[in-house]
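Whole structure, please, built from the sequences with the hints as guidance.
Chains A and B, in that order, are what the protein sequence lines are.
The first sequence begins at 7 in the working numbering and counts up by one.
The second sequence begins at 7 in the working numbering and counts up by one.
Each hint should be verified, as a subset may be incorrect.
[Said to hold, decoys possible] Using 25 Å as the maximum straight-line C-alpha spacing, the simulated BS3-like pairs for lysine-lysine come out as follows:
| # | chain 1 | residue 1 | chain 2 | residue 2 |
| --- | --- | --- | --- | --- |
| 1 | B | K341 | B | K286 |
| 2 | B | K175 | A | K38 |
| 3 | A | K152 | A | K169 |
| 4 | A | K38 | B | K177 |
| 5 | A | K169 | B | K341 |
[Said to hold, decoys possible] Not everything, but these chain A residues come out facing chain B in the computed CB check (under 7 Å):
| # | residue |
| --- | --- |
| 6 | P39 |
| 7 | I40 |
| 8 | V45 |
| 9 | W48 |
| 10 | K107 |
| 11 | W113 |
| 12 | Y115 |
| 13 | R125 |
| 14 | W129 |
| 15 | F176 |
[Claimed, not checked] Output of the computed footprint for chain A on chain B, the stretches with three or more beta carbons under 8 Å from beta carbons of chain A:
| # | stretch |
| --- | --- |
| 16 | 233-245 |
| 17 | 266-274 |
Please keep in mind that the hints were generated in silico from the structure rather than gathered at the bench.
Even for Gly, the Cβ is constructed at its ideal location relative to N, Cα and C.
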Amino acid sequence: MSTRRALFSIALTMVSLGYVRAGAQDAPHLGKPISESDVAAWDISILPDGTGLPPGSGTPEQGSTVFAAKCAVCHGENGKGGSAAALVGGQPLTSGIETAKTVANFWPYATTLFDFTRRAMPWPRPRTLTNDEVYALTAFILAQNKIIGGNDVMNAQTLPNVKMPNRDGFIPRFPERIP
Amino acid sequence: MTGYTLSEDAAAQQLTDAPWSTKAGIPIPAYATPSSFEKHVVRTLTNPRGEPRTQHARTPHHLVNGTFTPNGLHFVISHSGAPDIDPAQHRLVIHGLVRRPLEFTLDTLARYPMQSRMTFVECGGNSAPLFSNEPVQAGVQTIHGLGSCAEWTGVMLSTLLEEAGLDPKAKWLIAEGADSLALSRSVPMSKALDDAMIALYQNGERLMPGNGYPMRLLLPGWEGNMNVKWLRRIKLVDQPGMSYYEARTYAPILPNGKAYQFYFLQEVKSFITHPSPELKMSGAGFYEISGVAYSANGRIAKVMVSADAGKTWAEAALQEPVLPKAFTRFRLPWKWDGGPAVLQSRAWDEAGNVQPTRAEIIARRGQTKMPVTNPTAFPSQHYNGPTSWAVSRTGEVTHVYA
Numbered sequence: 007m008s009t010r011r012a013l014f015s016i017a018l019t020m021v022s023l024g025y026v027r028a029g030a031q032d033a034p035h036l037g038k039p040i041s042e043s044d045v046a047a048w049d050i051s052i053l054p055d056g057t058g059l060p061p062g063s064g065t066p067e068q069g070s071t072v073f074a075a076k077c078a079v080c081h082g083e084n085g086k087g088g089s090a091a092a093l094v095g096g097q098p099l100t101s102g103i104e105t106a107k108t109v110a111n112f113w114p115y116a117t118t119l120f121d122f123t124r125r126a127m128p129w130p131r132p133r134t135l136t137n138d139e140v141y142a143l144t145a146f147i148l149a150q151n152k153i154i155g156g157n158d159v160m161n162a163q164t165l166p167n168v169k170m171p172n173r174d175g176f177i178p179r180f181p182e183r184i185p
Numbered sequence: 007m008t009g010y011t012l013s014e015d016a017a018a019q020q021l022t023d024a025p026w027s028t029k030a031g032i033p034i035p036a037y038a039t040p041s042s043f044e045k046h047v048v049r050t051l052t053n054p055r056g057e058p059r060t061q062h063a064r065t066p067h068h069l070v071n072g073t074f075t076p077n078g079l080h081f082v083i084s085h086s087g088a089p090d091i092d093p094a095q096h097r098l099v100i101h102g103l104v105r106r107p108l109e110f111t112l113d114t115l116a117r118y119p120m121q122s123r124m125t126f127v128e129c130g131g132n133s134a135p136l137f138s139n140e141p142v143q144a145g146v147q148t149i150h151g152l153g154s155c156a157e158w159t160g161v162m163l164s165t166l167l168e169e170a171g172l173d174p175k176a177k178w179l180i181a182e183g184a185d186s187l188a189l190s191r192s193v194p195m196s197k198a199l200d201d202a203m204i205a206l207y208q209n210g211e212r213l214m215p216g217n218g219y220p221m222r223l224l225l226p227g228w229e230g231n232m233n234v235k236w237l238r239r240i241k242l243v244d245q246p247g248m249s250y251y252e253a254r255t256y257a258p259i260l261p262n263g264k265a266y267q268f269y270f271l272q273e274v275k276s277f278i279t280h281p282s283p284e285l286k287m288s289g290a291g292f293y294e295i296s297g298v299a300y301s302a303n304g305r306i307a308k309v310m311v312s313a314d315a316g317k318t319w320a321e322a323a324l325q326e327p328v329l330p331k332a333f334t335r336f337r338l339p340w341k342w343d344g345g346p347a348v349l350q351s352r353a354w355d356e357a358g359n360v361q362p363t364r365a366e367i368i369a370r371r372g373q374t375k376m377p378v379t380n381p382t383a384f385p386s387q388h389y390n391g392p393t394s395w396a397v398s399r400t401g402e403v404t405h406v407y408a
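Here you go:
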C-alpha cells in the first residue's frame, strides 16, 4: 500500500470512529446537573444591590458584644487596630497614594463588609458566624465609623441602602472593558 | 555562587580528577530536585511560619534564565496559606445566570478537549516599591518577584459556560476559591469567553499547591489575584460583586484622592535581570544585558536598552518564540568600560503601548511622600515604569532612579 493510500485509510478510520476536531460544540458534556438548592451552602456571594443577603438582622449594640468576643483579639478594642487592620477611622485619600484604605475612607459598598466578614472572618474559624452576628458586626463597624446611627438595624433591606462616604470616589481604569 | 560573578582566580593550575569523577554518583531519585549546590536558588518568603496574614513567595529572577519559571520557584501570594485539597473530593460548580447549573470533578474535566498556553501571571502589586519617592535598596527578586511565567494546560472556560447555557443577562462571573477565605473576584464575561481557562497543569505537571491545586482560573495577562486559585465555584451574575479584593485592595489611590477601579490589565513592562543588584560584575569587558518583557495586550514588539541612564538606546534581540501575554527574554551584548553606568530597559507591545517613563507614571499616579522603608510593602499597585540599575566602578549594582 502506498504511503498516500495508507494515510487516506487512517483518515477514514478516524471519521468512522467519530473523530472530531476539538471545539466547544464538540465538548463531552459531562457536567452533572446540580440544583441551586444543592449549591446553597457554598453560595455566599452578596451583590452591591443586596442580592444574596440572607434573612436575619443585627444592631450596633449586639455587634459590640460579638466584636469584643471574636474580633477584638486581632482588630483591637472597638476596631481601633491591632495585629490586624483598624476598622475605624482613616485619613483623607488626598493624604497620599499610600494612605491606608479603610471602611470609612475607601470602601464603596457596605455589602462588601457583610460579604467579606461572612466568608473570611474570624480568621481562624471562617464561616462560623451566624447571619445575625454578621449583620450585627456590620452594623457595629458602620456605626463606629458614624456611617449609620447607633440604633440603626442592619438587614437585607437596610444594608444595601447605606451610602458609603467614598461611593463616588472611583474611576474605571479601562471603561471599554467593563460590561 | 550566583553563576554570574567570577571568583578571583589564582594562576592556572594543572587539572586533576575531582572526587566525583572517580566513583559512581548518587542514585537517581523518583522526583528530581536541583543540585545540592543550588540551594540558594529559592523564593524569598515574607511569612514563612504562616502567621494570620498574607504570605508572599518571590521568584529569584536573577538566578534563573529563559522565559518559563520552574514550578517550585513560581511566585505565590496566599492570604491564608495553601489548602490541602483532596482532588477526588474537589468540585467545581457553575451556577447563577445559566440555563442549567453544573458540577464538575477533576476526572470529568480530564475528558474535555484541552489547550496549552504560555502566559505570565503577575500580582497587581508587583513592582510597587517603585512608587517610593526614593529608590528602595533591593534587587530584582524583591522588586519584581511577584510575576512568573509558565505553560498552563486546561479546559477553556468558554466550553464549560456554553455547556451550562448562558443567560443573556449574565455580564460578569464571580470566581471563588476553596481556601479558608473563599477568595472571590468578579470577571467580565467578555474575558471569560475570550481566553479564560480552567488550568489543571503547570509546566506539564499538576498545579503546585500554592498555585491553586487542583485547579485555578487562568486569565492570561490579567491581575494575578483574579486568577482565582483552588477554584470551586463560578457564579454568573448581572453586576460585579465588589468583593474585598476588587473594591478595596487592587484599586490604587490617585494623587487627587480618587481611585482606579477594575484595573485588571498588567500593562507592558520590562526589567533587567542580568546584571542586577545581587549579581556583582567582575571587571570591565563583555557582559550580556538580559531581562524579561511582557504585556497583557499581546506580544512584545520591541525592547530598547540603555547603559547611560537613557541618553542613548540600543534595540535588544528578542528570544524566539515571542508569545502573546508571555515573558519574552531580551538580550543585548554590552562591553562595560569599567566606569559608572546606569542600565535601563523599555518595552513596546504589539498593540502600540509603550512602557511609560518614571516621570510619566509619577505624574499620573503619584509617589509616596516618605521613602518606602519596607521593600516588600505595597504603597500602591500597578507600576509598569522602568527600573534603573546603577553600576559602580567596583562592579556593585544598585537600584537608582534615573
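Hint by hint, here is what the structure shows:
{"no.": "1", "hint": "B:K341 / B:K286", "result": "holds (15 Å)"}
{"no.": "2", "hint": "B:K175 / A:K38", "result": "holds (23 Å)"}
{"no.": "3", "hint": "A:K152 / A:K169", "result": "holds (12 Å)"}
{"no.": "4", "hint": "A:K38 / B:K177", "result": "holds (24 Å)"}
{"no.": "5", "hint": "A:K169 / B:K341", "result": "violated (61 Å)"}
{"no.": "6", "hint": "P39", "result": "holds (5 Å)"}
{"no.": "7", "hint": "I40", "result": "holds (4 Å)"}
{"no.": "8", "hint": "V45", "result": "holds (5 Å)"}
{"no.": "9", "hint": "W48", "result": "holds (5 Å)"}
{"no.": "10", "hint": "K107", "result": "holds (5 Å)"}
{"no.": "11", "hint": "W113", "result": "holds (6 Å)"}
{"no.": "12", "hint": "Y115", "result": "holds (5 Å)"}
{"no.": "13", "hint": "R125", "result": "holds (4 Å)"}
{"no.": "14", "hint": "W129", "result": "holds (5 Å)"}
{"no.": "15", "hint": "F176", "result": "holds (4 Å)"}
{"no.": "16", "hint": "233-245", "result": "holds (count 5)"}
{"no.": "17", "hint": "266-274", "result": "holds (count 6)"}
Violated hint for the displayed structure: number 5, the only one.
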